[in-house]
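There are 4 protein chains.
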Amino acid sequence: MGVSEHQHGYLAAGKKQDHLKRLRRIEGQIRGLQRMVAEEAYCIDVLTQISAATKALQSVALSLLEDHLGHCVAEAVQHGGPEADEKVREASAAIARLVRS
Amino acid sequence: MGVSEHQHGYLAAGKKQDHLKRLRRIEGQIRGLQRMVAEEAYCIDVLTQISAATKALQSVALSLLEDHLGHCVAEAVQHGGPEADEKVREASAAIARLVRS
Amino acid sequence: MGVSEHQHGYLAAGKKQDHLKRLRRIEGQIRGLQRMVAEEAYCIDVLTQISAATKALQSVALSLLEDHLGHCVAEAVQHGGPEADEKVREASAAIARLVRS
Amino acid sequence: MGVSEHQHGYLAAGKKQDHLKRLRRIEGQIRGLQRMVAEEAYCIDVLTQISAATKALQSVALSLLEDHLGHCVAEAVQHGGPEADEKVREASAAIARLVRS
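So the sequences go chain by chain: P, W, Y and B. Counting from 2, one number per residue, gives the positions in the first sequence under this note's numbering. Counting from 2, one number per residue, gives the positions in the second sequence under this note's numbering. Counting from 2, one number per residue, gives the positions in the third sequence under this note's numbering. Counting from 2, one number per residue, gives the positions in the fourth sequence under this note's numbering.
You can take every hint at face value.
If several chains are the same, the list does not tell them apart, and a pair holds so long as it fits within one copy or across any two.
Quick list of in silico lysine to aspartate or glutamate cross-link-like pairs, EDC-like style, CA-CA up to 16 Å: (1) K16 to E67; (2) K16 to E40; (3) K22 to E41; (4) K17 to E40; (5) K16 to D68; (6) K22 to E40.
Treat the hints as calculated values from the structure; they're not laboratory data.
With the sequences and hints as input, model every part of the structure.
Put into structure tokens, the structure is as follows:
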């Protein structure tokens with residue numbers, strides 16, 4: 002799936018650090034879940050923690066998507082032509098996967 | 002949220018290992034996501050990986066929930082009384098959180 | 002999919018009227034959506050209305066599911082045997098469809 | 002929420018008819034659900050039908066969203082300026098509501 006040059010650097014440095022920080026926190030939640038299962042924590046508490054991790058992941062996805070629409074898609078649209086349509090279709094397919102996951 | 006004695010051991014040993022294995026794989030996906038963001042992988046590829054991790058988490062949740070319904074909730078229902086109603090309400094609330102996350 | 006006798010009457014009269022009232026309101030929302038599309042209302046407003054109708058539908062589902070767990074599944078569990086396991090599996094599959102839709 | 006002139010006619014005639022047809026089918030599903038509840042159909046069958054209607058609604062939403070990104074958002078982006086950013090933010094908020102509903 003096309004990594005072309007003008008996608009590099011699409012994230013402002015601050016945004017990138019923010020995404021990484023959130024993903025490290027999610028990694029911590031997943032390790033916490035492993036401990037909970039290993040220690041046989043109460044099932045409902047495990048499920049609550051899974052819901053929290055899922056929401057945190059979706060939140061990272063929505064933030065990345067907003068950047069993507071505002072940068073890659075916007076740039077392609079300004080250039081116009083078939084690449085613009087292709088970017089809109091590609092973003093729409095990614096949105097559909099998020100909505101259905 | 003009440004960890005009482007009869008919840009311990011609600012997971013057959015095989016099930017527990019299976020949940021742990023899946024959670025370790027999800028942890029690997031989250032670390033992969035960090036690398037992708039650090040290296041500024043193409044946004045759509047990051048989103049695809051987030052959808053995969055989200056589905057994997059939900060799948061662990063659904064599997065835990067089925068065990069919970071078949072063990073903790075079933076046991077409470079057999080004892081009857083207010084605890085049975087409470088367990089059904091608690092499970093329903095957890096299901097609602099999953100559906101909405 | 003097994004409609005057997007003891008499922009009839011699983012809904013208290015009040016609950017049934019409440020579900021019907023909510024479904025009629027959702028039907029009204031869907032007709033409102035048709036008007037919006039026919040009159041080419043602003044796309045974002047149409048999407049907001051679709052999100053509202055989706056949440057309302059899920060809310061009916063969660064309410065029905067809680068009744069089902071507290072009645073049909075609880076009853077089967079009290080009788081025990083393979084039917085109890087079957088009811089738990091069937092409810093779990095319905096929950097999975099809700100989580101994934 | 003701003004219905005401005007250039008949004009009118011954002012739907013090709015064929016698309017509009019397609020959306021209306023799908024919404025009428027969903028209205029039929031909701032009426033079917035009312036009959037099922039009135040006749041006390043088996044709960045799991047009602048839930049299956051709710052999942053189907055939910056998926057159908059989301060599918061209309063995703064199709065409208067793709068049109069919106071390809072027309073309203075693309076047009077605003079080509080004009081540039083603060084309206085472009087505003088359209089991207091507005092679309093992102095609508096996507097977030099869909100993902101969370």
